[in-house]
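Engineer: Here's the letter readout for the chains.
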Amino acid sequence: MPQKLPPKDVAIIGLGWTGSILAYELADAGLDVVAVERGPWRDTATDFPPSYAPDELRYRIRHELFLRPAQVSLTFRNNANQTALPVRDWGAFMLGNGAGGAGVHWNAETWRFLPSDFVVKSHLTQRYGAKFLPDDMTIQDWGVSYDELEPYYDRFEYLCGTSGTAGNLKGSIQPGGNPFEGPRSRPYPTPAQRQPFSHTLFAKAAAELGYKPFPQPSGNLSRAYTNPLGVEMGPCTYCGFCEWFGCANYSKASPQTTILPALFRKPNFTARTDCEVTKINLDRSGKHATGITFVDSSGEEWEQPAELVMLCGFQLWNVQLLMLSGIGQIYDPNTGEGQIGRNFSHQTISTALGFFDKSKFNFNPFIASGAIGMCIDEFNGDNFDHGPHGFVGGGYMGQVQSNGRPMEFTDAVPAGTPAWGAKWKQAMRDNYLSTVYAGTGVHGSCYSYRQNHLDLDPTYKDRFGRPLVRMTMDFHENELKMNAFLTDIYAEIIKAMGANRVDKRPRKGPYDVTKYQTSHLCGGAIMGSNPKESALNKYLQSWDVPNLFVQGATAFPQNAGYNPTGTVGALAYWSAKAIREQYLKSPGPLVDA
Amino acid sequence: MARPRRRDVLGAMALALGGVPLRGRAAIINGALPWMPDKTSPPPKITESGWRYFTNDEAATVEALVDRLIPPDPETPGGKDAGCAVFIDRQLAGPYGHSEGLYTQGPFHPGTKEQGPQSPDDPAKHYRKALAALDEHCRKAEGGKRFSELDDAAKDKVIAGLEDGSIDLGDEKGSFFKQLLKDTQQGFFADPIYGGNKDMAGWKMIGFPGARYDYRDWVDRHNEKFPLPPIGIADHPDWKEG
Amino acid sequence: MALASGVALGDNTGQDFSQIERGRYLAAAGDCAGCHTKPGGKNFAGGLPVATPFGIVISPNITPDRETGIGLWSNDDFVRAMTEGIRRDGANLYPAMPYVYYTKATRDDVLAIRAYLNTVPAVDNGVKADQLPFPLSVRTDMAAWNKLYFTPGEFQPISNKNAEWNRGAYLVEGLMHCGACHTPKNFAGGDEKGRPLQGYALQGWFAPDLTTDDRRGIGSWSAGDLAAYLKTGHNRFSAATGPMADVVTHSTSKMTDADLHAVATYLKDQAPPNEKAPQPVAASDPAMKMGAAIYADECSACHTPNGKGIANLFPSLAGSPNVQSTDPTSAIRIVLAGTQSVATDRAPTAPAMPAFGDTLDNREVAAVLTYIRNAWGNAAPLVSAGDIARHRDSLAKGDE
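Residue numbers (the working numbering), protein chains in the order written: chain D, 1 to 593; chain C, 1 to 242; chain R, 1 to 400.
In short, the hints are calculated from the structure, not lab data. One or more of the hints may lead you astray.
Listed next, the in silico BS3-like pairs over lysine-lysine satisfying Cα-Cα at most 25 Å (straight line) [what the hints assert, rightly or not]:
{"no.": "1", "chain 1": "R", "residue 1": "K308", "chain 2": "D", "residue 2": "K266"}
{"no.": "2", "chain 1": "D", "residue 1": "K423", "chain 2": "D", "residue 2": "K358"}
{"no.": "3", "chain 1": "D", "residue 1": "K461", "chain 2": "C", "residue 2": "K198"}
{"no.": "4", "chain 1": "D", "residue 1": "K515", "chain 2": "C", "residue 2": "K204"}
Here are some, though not all, of the chain R residues that point toward chain C, as calculated from beta-carbon distances under 7 Å [to be verified]:
{"no.": "5", "residue": "A283"}
{"no.": "6", "residue": "P286"}
{"no.": "7", "residue": "D297"}
{"no.": "8", "residue": "A301"}
All C-beta atoms, glycine included, are put in the ideal place defined by N, C-alpha and C.
Construct all of the structure, not just a fragment, from the sequences and the given hints.
Structural biologist: Structure follows, in C-alpha cells:
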C-alpha cells in the first residue's frame, strides 16, 4: 500500500516546459502545487558548466541528459503484421529526463504554426475537395484557432526571449521576416541572431531564386535579456553545442533559464525529483481524478491526493500513463473507435549535402547555435498550390546547420566514398570545412493516418512490470512525395549557393526507429471539438476526466511543418488561462461534450 | 564580529531550504533553487597504460583493425596511434560495454533493420565473441595467420568481408563491422580525455577547434580560417607559463 | 527629518500596529533572524552556532517564551541588552551580538523591535551554552573588552550633512552593523579604529572594502548601483554571494528604496584608505600569459573576453572590488568551490559559478586569478599556487 501524503490542490506530472509553465501559473493563482519529476534536478553550473559541456561523446553519443531505456522504453513495428520489438537504445528521437525536461537539450527553434495548420482538414477540403486527401488520412482541425493562440505564442516567446525578425506585424508584412507567418501582435523580444557564412550564402541564393529568406526564430539569444518574470539570460556564444547538450552560459531558453528560478520562489510550490508517477488515480465513477501515485528512487510508493492533475510528460509517456490509468478508451485502428493512441505522428525531415570547393569556401561549421539559420517558408503548410503535386502538407527549409561536431560529420562525405580507409579519411579532411550539412535542411509535416497509432505492448514491460507503449508507425506515400518534392527544391538552392556537388538525402520509407529524425512525436491524446474523435477539448481538458489536463504535443491532431515547442508553450499558457479564469471558478467540463 | 555560517549550514543540508531527502536520490525541493558548492562531474582523464577490457591478443587485433579503418598517412596518425583501440577498450570496460541504461529485457527476437539491434549481447560480449571468431576465420582462411599478422591488402580484404557480411562471425550480419567502425571513428574524434584522438589528431586533421565555447568574435568573419588550434576538456597546450 | 519616523511610542504589552510593523522592518534591517533563526528552525528561536574568531557562540532564543526566550524581560532589560550588551541576569553578552553597533539605535527603534518580537510565536527552545575556550568562556572578561573596544551611545547626527546622509549613517553604523564584517578587526576581535569598512576576511570569505576606493572599494558604483545591489542582490557590475547573499535575502532586500538610497549616500561619502594603488603585474609575466590562456578557454564564455561580464547575470571582473581586494580569499574560494548568487523577488535568477577545483590545479587557479586581478586595468598582488593549496586544504577541512 502506498503511503498517503497530505492533499495538494494540483499535482503536476513532469517538470519540463509545460510542467513548469502550469506550475508557475497555478501557483501564481494561489494554489498549492506539487510537481513530480521522474529524473534528477539539473543545474547549469553543476551539470553542464563550460569546462566540460562541449563533450560530444558524453552528451551526444552516450545520452547523458536523456531518459534511459532501462527506465522505460517502447516497442515498435511498422505495421500490424509485424511483431513489435523493444527500442533498446534511442535512435529516432531523444527523450528528455529531469528538471527542465527536453527543454534542457533542445535546439530552441521557436516557431509558430500557420493559421491554416489549426484548421487543416477544413482548409484542405475546402481548397482541394475531400477526395484530394488519402482515404486513410485522419487529419483533424484542432478546435482552437491561431488567433485564439496568438497571445499565448507571444507569452511563450517573451518568456524565452526568442530572437527573430517579425514577418507579419498585425497584418502588415515586414521586410526580412517570414511573410507567410500568421499576424503577430508585436516584434520578437530580441533581434535575430547573427548568421555564419554558409547560412548567409543560403539566404542570398534563395533570394536570387525568388524566395523570401528570413532568420529562424531562435531561443539561443542574440543578446542578454530579462524576461517578464525577472529572469535573466545571457547572449549566445555560438559554441555549436546546443541540441543534445545543456547550455553552459544561460543563453538558451530552457525552464532553468526562464521560469524555474521564479517558480521556486513561490512558497506554495514543491518539486519532487527522481520520483516516477505510475498512475493517475480515479474515483469509483472513473470520471474524477483523485490524485497520483508515484514511486521514489528507493522503490517506496506514495499516493499524492490532488484536486487537479496536470499530465505534463513527454508525448509517449503521457499516452502510456493514460492507458495504464484506464482513462479513455484505447484506440482500435480496425474500428476507428477509441481516443487514446490515435493520430500518432512524427516529422518528415531530410537534407541535401552541399560539397564546395575547399580553396574558395571555408564555412567553419563549428560556429553555430541550435536554432541558427536562414530559412524559406514558400513550401510549408498550404503556402503553395498543392493541386498539381498530388500531396498535402509541406515544410520549411533552410541552412539551419547547428554544429560542426565531428562525430556527426563522419557521414558528411560525397556519396560513393568508402565508409572507411584512406579514401574516407581523405574525404573527411577535404570536406569538413567546406560542406553544408544541415540535419533538418527540410523540416516537413507528418499527417496522421488510421494505421499509425499507439497502444500497449502485449509482451514487453518496464521496470515496474507495466506494459510498454507500442508504436505502430510508417511513412505514407503523401509524406514521402511531399519530402521528395521539397528536397529537390532544397538541393537546387544549395546548388545555387555555389556547391560543386549536391547529394540529396530524401526521406525514404519504411519509418526507421534507429535513425534520428527529430524528437517531435505528436498525438495519441489529441484535442478537438468532438469527444468521439479526440481525448481533450480545446483547453486540453480530458473529456472523460474533467479535472485532468493533458499538456504538450500529445494533443496535436497531426504535426505541421515546424518544430513543435512554440505551439506546445502557447497551448500550455492557453490552457493555464482557461484553468485560472474558468475552471477554478466553476470546476467541471469547460466545453460541453 | 563574525556572522553565522548560514550558507554553509545550508550547503550541508543537501537540497536547500526544506530539503528533506526522501530515500535514495529522490528529493523534495521547495523555496530555492538547489545548489551545492564544490560539486562538478568532469570526466576523469584516461592516462594509465595497459588494457582494461581486452586481452593482449584482442588488443593486437583491434589495433590492427582500427589502423586499417583509419590508416596512417604522412599528415595524420592512423587509428592505432590516435588511441582508438585504447578508447574502445575503456569504453567497453565502462557503462557502454555493459549496455548500462539500455533496455535489456527479453524476450530477444531478430527484427527488421528498422526495429534496431535486438541482440542479447552487450558490446563487450559482442567484441569478445566477434574477435575470437575473426581470428578463427583468419587462421582457417589465411594460412594459420592471425588478423594482425596479415599484410595491409589482406587485412582490407577481410574488413571488406566483414562489411558486406560475407565473413560470418556468428552475429547479426555485418553488425560487428558497424559497431567497430562507429566506435573507431568516435575514438578518433571524441575528446582526448577518453583515450582516443591523441594530441587531438582527429580534430587537427579536419580543422575542428575542439571544446571551445565562445565564437562571438568569429560569427561575422565569413570565409576566414579560424586560426586557433583545438583544445580539449583537459588538453590545453597553450596553458603554459611564458 | 527625524532619524526614526515619528511614531508614538507604545508600550510593549499593547498592540500598536504601526509600532509592530516598524519593529518588523527594523528587525530585518538589523538582520536579527540572521543569527537567531536556524535554517529550517522556528523564527527567532535561536540555536544557531555563530562562528567568532575565538570559538562558537550559540545564538539564544529571543521569542517571547517565558522559560527559554525573553518573555520575562522588561523593556529596559531588552534595551540594555541591545545597546549595552548586558543580559537580563547582569552577565555580559559576547560581541557576536552586535551591541557595539546596535548601541547607536534610538530607544524608540529598539522598543519597536521589542514590540515586534512580542508578536512572534513563543518557542520553547533552550539553547546549549557557548563553546568558547577559557579564558574567553568567562563572561566577566567582556567587561574589560568593552572598556577597550565599545563606545556606548545613541547615534548623533552630523549637523553639516543632510538628513539622507544621516539616515544612512544611522543605519550603517547602527542596526545594519555593516562593520561587523567589513571593518578590519584587531587581535581581540574589536574594530580597528581609523579603518572603518575597509574590508576584512572571515569565514573563508573576504568582506570587501566599502569605501569609495576605485579599485578595491565601491568608487566606481553609483548610489543607484549600490541601492540596486542591496535591494536585488545584483546590479550591472556584481552579484551578492556567500555571507552577503544571506544579508540581502534576510535584510537589505526587505528595506525601503529610500533607506537603501540613504545607505548608498552615506557609503558613497566614505573616504578611501590613503594607500598607494598597487602596480599591476606585467602582462609579460609568465603567470599572466598562462592565466590569459586559461581565461579565454574557461571563463570568457560567461564573463566575456573583456572581463565586463553581462549586467545582472555574470559579474564584471574588470574593476571588481572582489577580484582586486588585497586579500584574494573570496576569489579563490569562488573559483575552487563555485558559488550561487542570491535570488530575490526582483532578481530571481540566482546564476551560479561552477566549481573549478576538480578541473584546474593550484598553479592554474593561481595563474587565472593573477590574470583577472591584473587584466583590463585591474591591479592587485600576484596569487601563488601555495595560496591556492592552503585554501584548498581549509575548504576540504570545512574550516571556511
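Engineer: Please go over all the hints and tell whether each is borne out by the structure.
Structural biologist: Going through the hints against the structure:
no.	hint	result
1	K308(R) x K266(D)	violated (32 Å)
2	K423(D) x K358(D)	holds (17 Å)
3	K461(D) x K198(C)	violated (43 Å)
4	K515(D) x K204(C)	violated (29 Å)
5	A283	violated (12 Å)
6	P286	holds (3 Å)
7	D297	holds (6 Å)
8	A301	holds (4 Å)
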